Amino acid sequence: MSNQFELRLSGAGGQGLLLAGIVLAEAGILDGKFATQTQSYGPEARGGASKSEVIISDSEIDYPEVRTPNLTLALTQEAADKYISKDIINGIIVVDERVEIDPAIKYEKLIRVPIIKTAKNKIGKAIVANIVSLGIIVEATNIVSKEAMESAILNRVPKGTEKLNRMALESGYELAK
Amino acid sequence: MSNQFELRLSGAGGQGLLLAGIVLAEAGILDGKFATQTQSYGPEARGGASKSEVIISDSEIDYPEVRTPNLTLALTQEAADKYISKDIINGIIVVDERVEIDPAIKYEKLIRVPIIKTAKNKIGKAIVANIVSLGIIVEATNIVSKEAMESAILNRVPKGTEKLNRMALESGYELAK
Amino acid sequence: MNKYVKKYLRNDKLAHMWCPGCGHGIIMHQIIKAIDNLGLDKDNICVVSGIGCSSRAPGYMDFDTLHTTHGRALAFATGIKLANPDMKVIVVSGDGDASAIGGNHLIHACRRNIDITTIVFNNTIYGMTGGQFSPTTATNDLASTAPYGSIDRPFDIAKLAAAAGASYSARSTVYHANNLEKLIEEALQVKGFSLVEAMSMCPTSYGKRNKKGTVSDMLEDYKETYININAFNKLPPEKREGKIEMGVFKNETYPEYTAEYQKLIDRLKGDK
Amino acid sequence: MNKYVKKYLRNDKLAHMWCPGCGHGIIMHQIIKAIDNLGLDKDNICVVSGIGCSSRAPGYMDFDTLHTTHGRALAFATGIKLANPDMKVIVVSGDGDASAIGGNHLIHACRRNIDITTIVFNNTIYGMTGGQFSPTTATNDLASTAPYGSIDRPFDIAKLAAAAGASYSARSTVYHANNLEKLIEEALQVKGFSLVEAMSMCPTSYGKRNKKGTVSDMLEDYKETYININAFNKLPPEKREGKIEMGVFKNETYPEYTAEYQKLIDRLKGDK
Amino acid sequence: MKMKSNIQFVQGNKACIMGALDAGYRFYGGYPITPSTELAELSAVELPKVGGKFIQMEDEIGGIAAAIGASLTGKKSMTATSGPGFSLKQENIGYAMMAEVPLVIVNVQRGGPSTGLPTSPAQGDMMQAKWGTHGDHPVIALTPDSVQETYYMTIRAFNLAEKYRMPVMIMTDEVIGHMREKIVIPNKEDLEIIDRIKPTEKEGYLPYGVEEGETVPKMASFGDGYRYHITGLAHDETGFPSNSNENAKKLLDRLMNKVNHNLDDILDYEEYMLDDAEHIVLSYGATARSARAAIKQMRKDGIKVGMFRLKTVWPFPEERLLELSKNVKNVLVAEMNLGQMVLEVERVVKNNAKILFCGRADGEIITPEEIIETLKEEF
Amino acid sequence: MKMKSNIQFVQGNKACIMGALDAGYRFYGGYPITPSTELAELSAVELPKVGGKFIQMEDEIGGIAAAIGASLTGKKSMTATSGPGFSLKQENIGYAMMAEVPLVIVNVQRGGPSTGLPTSPAQGDMMQAKWGTHGDHPVIALTPDSVQETYYMTIRAFNLAEKYRMPVMIMTDEVIGHMREKIVIPNKEDLEIIDRIKPTEKEGYLPYGVEEGETVPKMASFGDGYRYHITGLAHDETGFPSNSNENAKKLLDRLMNKVNHNLDDILDYEEYMLDDAEHIVLSYGATARSARAAIKQMRKDGIKVGMFRLKTVWPFPEERLLELSKNVKNVLVAEMNLGQMVLEVERVVKNNAKILFCGRADGEIITPEEIIETLKEEF
Amino acid sequence: MSRENLVLKVKPEWCKGCNICVHFCPTNVLELDEDNKIVIARPDDCIKCGLCELRCPDFAIYLEGDENEDEK
Amino acid sequence: MSRENLVLKVKPEWCKGCNICVHFCPTNVLELDEDNKIVIARPDDCIKCGLCELRCPDFAIYLEGDENEDEK
Ligand SMILES: Cc1ncc(C[n+]2csc(CCOP(=O)(O)OP(=O)(O)O)c2C)c(N)n1
Ligand SMILES: Cc1ncc(C[n+]2csc(CCOP(=O)(O)OP(=O)(O)O)c2C)c(N)n1
Ligand code: SF4
Ligand code: SF4
Ligand code: SF4
Ligand code: SF4
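Note that the protein sequences, when read in sequence, are chains A, B, C, D, E, F, G and H. According to the working numbering, the first sequence is numbered sequentially starting from 15. According to the working numbering, the second sequence is numbered sequentially starting from 15. According to the working numbering, the third sequence is numbered sequentially starting from 331. According to the working numbering, the fourth sequence is numbered sequentially starting from 331. According to the working numbering, the fifth sequence is numbered sequentially starting from 37. According to the working numbering, the sixth sequence is numbered sequentially starting from 37. According to the working numbering, the seventh sequence is numbered sequentially starting from 54. According to the working numbering, the eighth sequence is numbered sequentially starting from 54.
These are computed hints drawn from the structure, not numbers from a lab. Mixed in with the good hints there might be a few duds.
[Stated by the list, open to error] Taking lysine-lysine and the BS3-like style, the derived pairs with C-alpha atoms no more than 27 angstroms apart in a straight line are: (1) Lys131/B to Lys62/G; (2) Lys489/C to Lys564/D; (3) Lys96/A to Lys90/H; (4) Lys90/G to Lys139/B; (5) Lys101/H to Lys573/D; (6) Lys489/D to Lys564/C; (7) Lys101/H to Lys336/D; (8) Lys390/E to Lys362/F; (9) Lys177/A to Lys390/F; (10) Lys139/B to Lys160/B; (11) Lys390/E to Lys285/F; (12) Lys337/C to Lys90/G; (13) Lys521/D to Lys90/H; (14) Lys224/E to Lys599/D; (15) Lys580/D to Lys569/C; (16) Lys254/E to Lys372/D; (17) Lys390/F to Lys365/E; (18) Lys512/D to Lys62/H; (19) Lys238/E to Lys337/D; (20) Lys599/D to Lys332/E; (21) Lys337/D to Lys62/H.
Quantities reported herein were computed from a predicted structural model and do not represent experimental measurements.
Bound-form chain A, shown alone:
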């Protein structure tokens, strides 16, 4: 349990966070680690806020739910309000620049950067905000290797979008530096 890293990726439905979670977990596996991914289902997954949770660990993962995330990503205010807990000391919090963090929230580190704007304006596709986010996460945590992350992304994204996604990932690295 000690060498276990737990992430909660949240945002609006349609922001590709399910895919982001899978890619992140697969990168972990490429690095030879163990990984699980779970997500919110049902009505709450429609519109509104949704989340995808990933655990990456050096050893087998038993209890599969994330309770005290080492990192929480929130791309929208609604997601932040719903999924960033006031009851614990959060690890790293990564949010879009437009998201306000309630002062009552405790954390180890806050990364508040223009994720969506970067995706929209710099890469030209709002939809890659998820990949930008992955870049930030990798840069900030080193929980998976960059090589594994790149491979994991390329394994999953549609043919023809590889370049775009690589750009997005790298912008993420930049944002976290």
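Starting from the known structure of chain A, arrange chains B, C, D, E, F, G and H with the ligands on it as the hints suggest.
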């Protein structure tokens, strides 16, 4: 259990043996005794042989199935073949004159009389063979009082048929004498 | 022995369990005659039923036979047919089995137009359970659960099947046994869902309570009441009163379900 | 606030759970407008649903409301109506709820002609479970369980209800919202079983997968595709291609079930 | 000679309907199936006479659904069935538990599994009564052993259903359902009839809210102007769906406590000749009659044996049985199945006494001799 | 960097279909319901690719009926569902038991009762798996605790179904069904795949006849020319209905013995750190993961605790548990319900050890801490 | 095979005495006996029309021809 | 009440940004803002036709009149 009298009334579907069983049991109740009535259900009750079983007792009746009948009535050959057991010593057996009794069958007493013919020819209605049978049973066993039996019949039969049924009952008494 | 009986029935299971005068035996007779006319392969026929007097028919028929749960025959048959489209699948069902508890499977089998032939033994009553009304019992008829006369309106099963999408739908009676045989034969040749509603008298649970006389009287009633749909349509409205249409209600060609599925499989193979 | 919303909806339960652009809210809007037009007593209306996105509507409506099990709304509603014939009973149901798992209760409610008004929210897909095809999904349409295009043929619910015996049956779309309101109003006045099929777009589970564009595109599609049944019938066959009828399919008077039952009770009282 | 007007010689199924009517029964929704059919048939005859309603639905699922719907309008409702139909009703049985709708469900048990032996008796659905629907839920199920008891127990079933706002099952069997016996009908005034507790205040009505310590919410009838919502989803006190785990827990706990906190009121059993017993025969329904005959016989032979007869099978009278078992050598369970309630007995009795089993599931009722033999093997 | 071709990161539901396909799965009949829907969706995608068939029926009852029908033609068949659908399938589950039709039934459990918490996990249908259909009948039910195990267990389910000619249930849950984990796909040659044993001689074929001492009859496929009869009624060796009590008994005994006489082959469980354990945590499915985490934690704290993990829940590994329980102080049962398998544990363990229960049914999975606390209360 | 060569046969064990064949026989050939079993009372009147066979629900009366030779 | 006295109102909390009202508005009165919430961009162009209210699935736009006076 000792003062318990068990009867099995059998014949073809439509011969009114269900009613006969009920009437007999009700007569028992009118006499202040305990009584139960059960019958065969389902496909086997269609056409073919069917049976109605009655237990009359001075005390509460527990186990409600008839196993070693003190009296068995069979109006048809098929019913006799099916419901008169070769494995036990039967009590009284009452059959229509046309019914052949397998020599392997053991019994205390056999009453083989023209029940159906009596109903048809003497009373003029084959359908009252059941009431004729009741007359025989009462006369042969005294298990219920004649008064109770008459009342029980009159309580159950359709208005207008009282006389006919009384005649049938009395013919039954005669046949058993 | 009757040659059809000899060839297509399980003779050791006869005499059958149906009551004296019950029409179900007549229908079963026409089914095996139709099968014989078409020279179908006995080893490749499967007869499926639900529960009811009529649903006991498969037990007497010398094919692969399946007596399922009440109302579900068509759902089981759908699985058989889709898994083995080469088999000739026949469903026999009572009016209650097919249109009460089984009504949904019926309309969906029609909708899918899966190649199954359904023969509904319609005695307008629940025979097996002793005479409760069914969805085809006529309004005002007596039944054990309609002791004051039924207030329900009946389904017209043949028309309902047509409306739900069946390729073929027809009705006849056990009086018109030769016609019934012909319709079943036609239905068996349809590539798609076909249904024949066979009107059958139940003297025990329906006739007696409704004072319909002898079984012969009930057959004579069929003769009087049922007239060919074309003749019926020519009648002036006032003369239609008390008459019921029989004959072929629908005979159209639509894509058949298992064939469409096979196309899908072939398409995916092609894609590789 | 919109006066109907204020009067007939449970405002504290809004915003509703339906997706952006889902047509179900438009249908619910027309139902409460129709109720208002008729001046029905709020305390005497009961809205019953099964399970599905559409079946969540009762939760928002300020009447006695019942969210039952999948497909069974009409069976529950039948019990309510028969036990308390004075209530106005409305069933709201999805196409899957009403015609897949609930198909049998639908045709039997039609057959009995029990005085219930059913509004089918037909988005031709299972919305709540994420886009499996339903009995009304068009052949060849994509769905999560029809990844290569559906090989099933769809039901025409309005016509099926008519064939099964409903007094009143009609169809409209959320594009034709005013018309829809009118049909619902008409249906609510029928003494007998009435059904209005309301076509509703599901952008999330149907539109996206089938590349139907924006919800506005889907609404425009309704405008193009659906034409009044009378106009439709006047079209030459080749022009009917790609068009679907809307309007009133059936409006007839038959004995109503609970009224017939009351007659029976009165008759028995008289007998005493 | 006439029978006294309060005495009748009737079938168990008829006694059930007589009891129901005396309890205020007004709605039947169901679908016929042997051997429960008479319950539908008699309801069709009797209900309209008292202004009640009978409906034969298209299937068993619709039957229970209609009965639940009717109950919501304030009518005392029943549905009846046997094995296959009982299986089909399971989803909506769970709905009635969850939505807390009073309802009496009669299962006249026949031989299973599947279509099985449709006209033969069995007690093979006892565990199904408790576990047949998905998810955790409370259950009350009663088993009469005579026609007379069927009458009273049906009244009790309606009373419990109304009092605890939940479905109550009568798990009878083909023997009791079809046999005829004398019943004595009590004076109406001597019967305790419990009616639904309705709210009186519309303002702030919480259809699923209870006072501290209470377990059963007041129930408004549809049409009374309360305009409330009912769902089979997990819900809060207002009746509206709630995804909160806390609410779900609160709801489920309360549902279970309706039974668990009221065992004193609900539990019912008969102790027959147990005072000095060294052996207990535990039985119920038709089989209890054989057990009683067996006990009478064995007592004659000097064997100290008595019966613990379940009248409520669910909840199971754990505490009392445990207590009793401490003073006996054997607990013999007799039931018409291959071992169902005996599992519960094993669980409760543990090693306090030896547990013997006498069961059969071949369509025949267990004979007194079989019970005697099973016990005698221990001597 | 690419994953090895035999490694995938997939959902439990997907692993189930992958296992099924590797076992020879060719027919799906069902109706969608959360959280089992992916099983239908993936089947719709994959089956036609291998010449198999997928059909979405009009309801769950039709779904299992179609799957049974398909199995009769020799195809390995599956139906999948969750709570409400599982309740609806019960009648035909009993039919498949009675008619002895191989079939895999998957229940991805969600929060009940009734519609309950449709998107939340639960283990509330465990008892229903055994008792959900009417009448006595045998049951095999398996519970995987990981995505990888889901793969293997599905293969095993098909094998058991074919070998014992009966429906086999996989009682998984929303957690395992929806979570993604790495799975390693074995070489096809390393898999043991069991196929149906078919008769070879038409003459005198007895569809329900077995050799002395055997329990499973050979099964001919419809269409193979055997022309035999199948019914859900009690029947004799020929498959035709029989009203004889003797035949009914013979049939039922054999059905039960298919499982009871083959426990060695069927039973499967994991013993984790039990060698020196003073406390046993008994768990299964998703909850077993929490149990494992709890045990690791407690072991660190020096508590001698291990896990007995059910892989077959039904039949229940009575003997082994009884044996184990004799050497421990506590048996703690952890499950996502209000107490189901714990009843079985109480029955089996009796007074050998103290039985503790850690359950919840509010839609949340039990945490390792809850398990630890429940056990620690005993110290 | 021509009609005349057909032989009218009965299988009284299967006959349930419903009277249908008797009723519909155009030449009044048939009767039921005391036990309600079918009897060919006037064989010579039989015109081999097959109506009895057609509607007998119990397969208890039929016209047998050469094609059944193989039947033993 | 005459049309002109009606007032176009929105309830942005309920708006889900589906764009239906924008699309069907005959005089192009409406717009969605950055957060996909409805905005009455050109109120003066509104002819009070009610088409936005008619098809808004979310009750988030409507014409309010005197009859709603009692609403507080
Ligand atoms: C699930 C279920 N419900 C009810 C029954 C009882 N049942 C058996 S057959 C039948 C109706 C039979 O009527 P029908 O289908 O019209 O056939 P018939 O017997 O008249 O030929 C009923 C209600 C059953 N076996 N299973
Ligand atoms: C017995 C049962 N089976 C399946 C489900 C899962 N389920 C819930 S809603 C639904 C279908 C919804 O489709 P539809 O009725 O068309 O309504 P929509 O959501 O599209 O409005 C299904 C299959 C269920 N809840 N209960
Ligand atoms: S009860 Fe009716 S349907 Fe059944 S066999 Fe007898 S006559 Fe035929
Ligand atoms: S999924 Fe479809 S039907 Fe359901 S709310 Fe969303 S748009 Fe509407
Ligand atoms: S029709 Fe058949 S069963 Fe009926 S009397 Fe004639 S031979 Fe006998
Ligand atoms: S139609 Fe309604 S929900 Fe859609 S954009 Fe306009 S106001 Fe918003």
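Checked hints:
{"no.": "1", "hint": "Lys131/B to Lys62/G", "verdict": "violated (32 angstroms)"}
{"no.": "2", "hint": "Lys489/C to Lys564/D", "verdict": "holds (25 angstroms)"}
{"no.": "3", "hint": "Lys96/A to Lys90/H", "verdict": "holds (20 angstroms)"}
{"no.": "4", "hint": "Lys90/G to Lys139/B", "verdict": "holds (21 angstroms)"}
{"no.": "5", "hint": "Lys101/H to Lys573/D", "verdict": "violated (32 angstroms)"}
{"no.": "6", "hint": "Lys489/D to Lys564/C", "verdict": "holds (25 angstroms)"}
{"no.": "7", "hint": "Lys101/H to Lys336/D", "verdict": "holds (20 angstroms)"}
{"no.": "8", "hint": "Lys390/E to Lys362/F", "verdict": "holds (19 angstroms)"}
{"no.": "9", "hint": "Lys177/A to Lys390/F", "verdict": "violated (62 angstroms)"}
{"no.": "10", "hint": "Lys139/B to Lys160/B", "verdict": "holds (22 angstroms)"}
{"no.": "11", "hint": "Lys390/E to Lys285/F", "verdict": "holds (26 angstroms)"}
{"no.": "12", "hint": "Lys337/C to Lys90/G", "verdict": "holds (25 angstroms)"}
{"no.": "13", "hint": "Lys521/D to Lys90/H", "verdict": "violated (43 angstroms)"}
{"no.": "14", "hint": "Lys224/E to Lys599/D", "verdict": "holds (22 angstroms)"}
{"no.": "15", "hint": "Lys580/D to Lys569/C", "verdict": "holds (25 angstroms)"}
{"no.": "16", "hint": "Lys254/E to Lys372/D", "verdict": "holds (22 angstroms)"}
{"no.": "17", "hint": "Lys390/F to Lys365/E", "verdict": "holds (24 angstroms)"}
{"no.": "18", "hint": "Lys512/D to Lys62/H", "verdict": "holds (25 angstroms)"}
{"no.": "19", "hint": "Lys238/E to Lys337/D", "verdict": "holds (17 angstroms)"}
{"no.": "20", "hint": "Lys599/D to Lys332/E", "verdict": "violated (50 angstroms)"}
{"no.": "21", "hint": "Lys337/D to Lys62/H", "verdict": "holds (17 angstroms)"}
Going down the numbered hints, you'll see the structure goes against 1, 5, 9, 13, 20, while the others check out.
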